[in-house]
Amino acid sequence: MSMAQTAERTVAVLDPMLPRVARVAKKTRDIPKVVTLVLEMEDGSRLGFEPGQFNMLSVFGVGEVPISISGDPAKSGGLVHTVRDVGMVSGALTRLAPGDIVGVRGPFGSSWPVSEALGGDVVVLAGGLGLAPVRPILYSLFNQRGRFGKISLLYGAREPEEILYRPELAKWRQRLDIEIQVTVDRADADWRGDVGVVTRLVPKAHVDPKQTVAFVCGPEIMMRYGCEALLDAGVAESSIYLSMERSMKCAIGLCGHCQLGPVFVCKDGPVFRRDQLGHLLTAKEV
Amino acid sequence: MTPDRLPAGQKVTIDKTGINALLVALAKRGYRVLGPVLHDNAIVYDDVSSVADLPAGWTDEQSGGRYALKRRSDGALFGYAVGPQSWKKFLFPPIQTLWGARREGNGLKVLSESDKLERYAFVGVRTCELHAIAIQDRVFLQGPYVDTHYKARRENSFIVAVNCGTAGGTCFCVSMHTGPKAEKGFDLALTELLDGGHRFVVEAGSIAGEELLLELPKRAAPPEDIAAADAVVAKTAAAMGRAMRSDDVHDLLLANMDHPRWDDVAGRCLGCTNCTMVCPTCFCMTVEDSSDLAGVETSRSRRWDSCFTMDHSYVHGGAVRASAKSRYRQWLTHKLATWIDQFGSSGCVGCGRCISWCPVGIDITEEVAAIRGGRE
Amino acid sequence: MEGLERIIREHPFFAGLKDEFVELICGCAKNVRFEGGQYLFHQGEFADQFYVVRAGRVALQINSPQRTITIQTVGENEIVGASWLVVPYRWSFDAKALELVRALSFDAACLRGKCEDDHDLGYEMMKRFTPILIQRLQATRLQILDVYGTNR
Numbered sequence: 001m002s003m004a005q006t007a008e009r010t011v012a013v014l015d016p017m018l019p020r021v022a023r024v025a026k027k028t029r030d031i032p033k034v035v036t037l038v039l040e041m042e043d044g045s046r047l048g049f050e051p052g053q054f055n056m057l058s059v060f061g062v063g064e065v066p067i068s069i070s071g072d073p074a075k076s077g078g079l080v081h082t083v084r085d086v087g088m089v090s091g092a093l094t095r096l097a098p099g100d101i102v103g104v105r106g107p108f109g110s111s112w113p114v115s116e117a118l119g120g121d122v123v124v125l126a127g128g129l130g131l132a133p134v135r136p137i138l139y140s141l142f143n144q145r146g147r148f149g150k151i152s153l154l155y156g157a158r159e160p161e162e163i164l165y166r167p168e169l170a171k172w173r174q175r176l177d178i179e180i181q182v183t184v185d186r187a188d189a190d191w192r193g194d195v196g197v198v199t200r201l202v203p204k205a206h207v208d209p210k211q212t213v214a215f216v217c218g219p220e221i222m223m224r225y226g227c228e229a230l231l232d233a234g235v236a237e238s239s240i241y242l243s244m245e246r247s248m249k250c251a252i253g254l255c256g257h258c259q260l261g262p263v264f265v266c267k268d269g270p271v272f273r274r275d276q277l278g279h280l281l282t283a284k285e286v
Numbered sequence: 001m002t003p004d005r006l007p008a009g010q011k012v013t014i015d016k017t018g019i020n021a022l023l024v025a026l027a028k029r030g031y032r033v034l035g036p037v038l039h040d041n042a043i044v045y046d047d048v049s050s051v052a053d054l055p056a057g058w059t060d061e062q063s064g065g066r067y068a069l070k071r072r073s074d075g076a077l078f079g080y081a082v083g084p085q086s087w088k089k090f091l092f093p094p095i096q097t098l099w100g101a102r103r104e105g106n107g108l109k110v111l112s113e114s115d116k117l118e119r120y121a122f123v124g125v126r127t128c129e130l131h132a133i134a135i136q137d138r139v140f141l142q143g144p145y146v147d148t149h150y151k152a153r154r155e156n157s158f159i160v161a162v163n164c165g166t167a168g169g170t171c172f173c174v175s176m177h178t179g180p181k182a183e184k185g186f187d188l189a190l191t192e193l194l195d196g197g198h199r200f201v202v203e204a205g206s207i208a209g210e211e212l213l214l215e216l217p218k219r220a221a222p223p224e225d226i227a228a229a230d231a232v233v234a235k236t237a238a239a240m241g242r243a244m245r246s247d248d249v250h251d252l253l254l255a256n257m258d259h260p261r262w263d264d265v266a267g268r269c270l271g272c273t274n275c276t277m278v279c280p281t282c283f284c285m286t287v288e289d290s291s292d293l294a295g296v297e298t299s300r301s302r303r304w305d306s307c308f309t310m311d312h313s314y315v316h317g318g319a320v321r322a323s324a325k326s327r328y329r330q331w332l333t334h335k336l337a338t339w340i341d342q343f344g345s346s347g348c349v350g351c352g353r354c355i356s357w358c359p360v361g362i363d364i365t366e367e368v369a370a371i372r373g374g375r376e
Numbered sequence: 001m002e003g004l005e006r007i008i009r010e011h012p013f014f015a016g017l018k019d020e021f022v023e024l025i026c027g028c029a030k031n032v033r034f035e036g037g038q039y040l041f042h043q044g045e046f047a048d049q050f051y052v053v054r055a056g057r058v059a060l061q062i063n064s065p066q067r068t069i070t071i072q073t074v075g076e077n078e079i080v081g082a083s084w085l086v087v088p089y090r091w092s093f094d095a096k097a098l099e100l101v102r103a104l105s106f107d108a109a110c111l112r113g114k115c116e117d118d119h120d121l122g123y124e125m126m127k128r129f130t131p132i133l134i135q136r137l138q139a140t141r142l143q144i145l146d147v148y149g150t151n152r
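Chains as they are written, first to last, in the working numbering: chain U, 1 to 286; chain C, 1 to 376; chain B, 1 to 152.
No lab work stands behind these hints, which were simulated from the structure alone.
With a straight-line cut-off of 27 Å between C-alpha atoms, the simulated DSS-like cross-links for lysine-lysine are:
no., chain 1, residue 1, chain 2, residue 2
1, U, K27, C, K109
2, U, K284, C, K325
3, C, K70, C, K235
4, C, K235, C, K16
5, C, K16, C, K28
6, C, K151, U, K267
7, B, K114, B, K127
8, U, K210, U, K150
9, U, K171, U, K204
10, C, K181, C, K70
11, B, K127, U, K204
12, U, K26, C, K109
13, C, K218, C, K235
14, C, K70, C, K89
15, C, K218, C, K28
Turn these sequences into a full structure, and let the hints guide you.
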């Protein structure tokens, strides 16, 4: 492709495949191989988003990946993305420094319906890096705390060293209006917290199934069993939401990669209601 | 000055010089005129400027895993079915640059790739292909996001359809309700008549088609020409190479995701992606980023992809559809079943290309029948 | 003895147990407490008790030369110990109180004997133990799947 053939045109926001230029404003290292980037749009604009949505982040010359937005939707300021190094592009993202350029397309996807829980209790069940896509839910709940009943955050990680947002979890614990339970799959002897699979936290949370909405996010296996634990506790399938993940190249429903049966995870999801997903959550190789 | 108008619905008869005049008139209007040509032992779509470029007197013989050209005893210009290419080659090109970016000082500028504005005139579009184009219109133009490249190419195109006079060996448009008669979606539609003089019955399907028709040497089509044209289409409809009961396929396939037939076909399928390449409705694509050595100029392009590749369903950790069985099943259930949930119609137009161009001759009509468990 | 009977009767693990059975197993039971850091038992020791935790948390641990790994924590209303059910009655891990733990401890030999004598009692105990063991097995399977890991 010859650059000479490329016409000089201002970035057409109408073309959803064109990335907009942003810069890394801040970078924090979280757990091993995981960083959180705060991005600011080069043109000074602010991209609004709903909890659960994601952006396609480009490292120019390397590639593009979908990353959930994990900041507070109500706050002005940059776009927050927590990225784990699992491949070429995500690795490049984790190696960026403040001031570096990133391409942003989005926000895309369906969102966590936090308003469904108004007046009732909320259970947020997360595992591993799944805490990132649900963090905006917690910010939304805190921003209007009086409109919700009991809030429970049940979080499972692999080991204590891999507990995401640990300082923030500790800060939230200091609020007296949220119950936070953290467990790990295994730990060294100096860990004083719970050890065990995260689904065990559900019966301990004493949910009131008649007025609970649950948001579940994490590896697919964890979400599967997490949903089962919630169903065992009496929560209705239509009150459980989860976030699915599939390969994405376009995020606009045109590349075909993110298909899960009849749904496109990028535009029909990534947030789905448990009963609407049906067997798609458990079907093999679909 | 108002030009003459043809009486509404009036069909005309033209002969070979008329066809030539049609190609010339399209070129004069600034279209890039594309039609069937002989190339590499197949009939493919490429630039045409006169009737001499068309594959006169050639037909194709197709069956499972087999495509061969054969000489006809007459000089029919459109006496074949479909070749390995479809019009998606132009509307949805195999490789398309999306944008380029250039670092300037500390900043970076993203430049949209402007498509060299080409207006395509497609000559010789089969009815199944009209349906395929309509299906891709639904995918690229009627979702929440519009593909700007497809839109630009599609909006400026002119379509000359051809009613099939010869049924292909692997065709089943009748089963899929996608032919053989062209009903809509064309600017002009012609039916080739060979008995009693080589001529074509033409009807307009749009104002643009009507205007073009006015310029061509023609005569009002006599009733016997119109009857002959109808007979040609009826004969083709009766000679389909394949059939597939299509009213129940959605539920049939989705209720049989663990049918042993999937393992059976997986044992034959090479994962070569031929079927997805020749299929006129397949739209899967991937993106590729590239950069110069200094990282100053970068670009992203979009290219055809296939759900048969291991890469297609790769999420960190591995492919969701790792087995050949799951990938074949994904393709066929998408094409015939979940496509309906997504876009309101089947994704298959019964053109038979996937059957002819599969190296091992996998026949989707046979696979569906096997899963149904009986003879059709 | 009365206090113990009441504790047993009211404990969720024994919910629905006939009064006469409660009396029977009471004879094998006693109240125990462990300070934080104290061990309930060590790997390899003879499994002569099982514990029903009333308060506090116990960490089940396995030692390797380089480190001590906690494989499970057990809390309020949960059970510590299943090895007493199975020959050769030997603990397969350490159990350490993470904080003050109050528990009911049951003498394994005593309870095994009473179950042998009265199979109905035996069945009631098995009915209560089996679901816990199965749940624990499923949970352990999920843990070893290492779902949060980056490799498949």
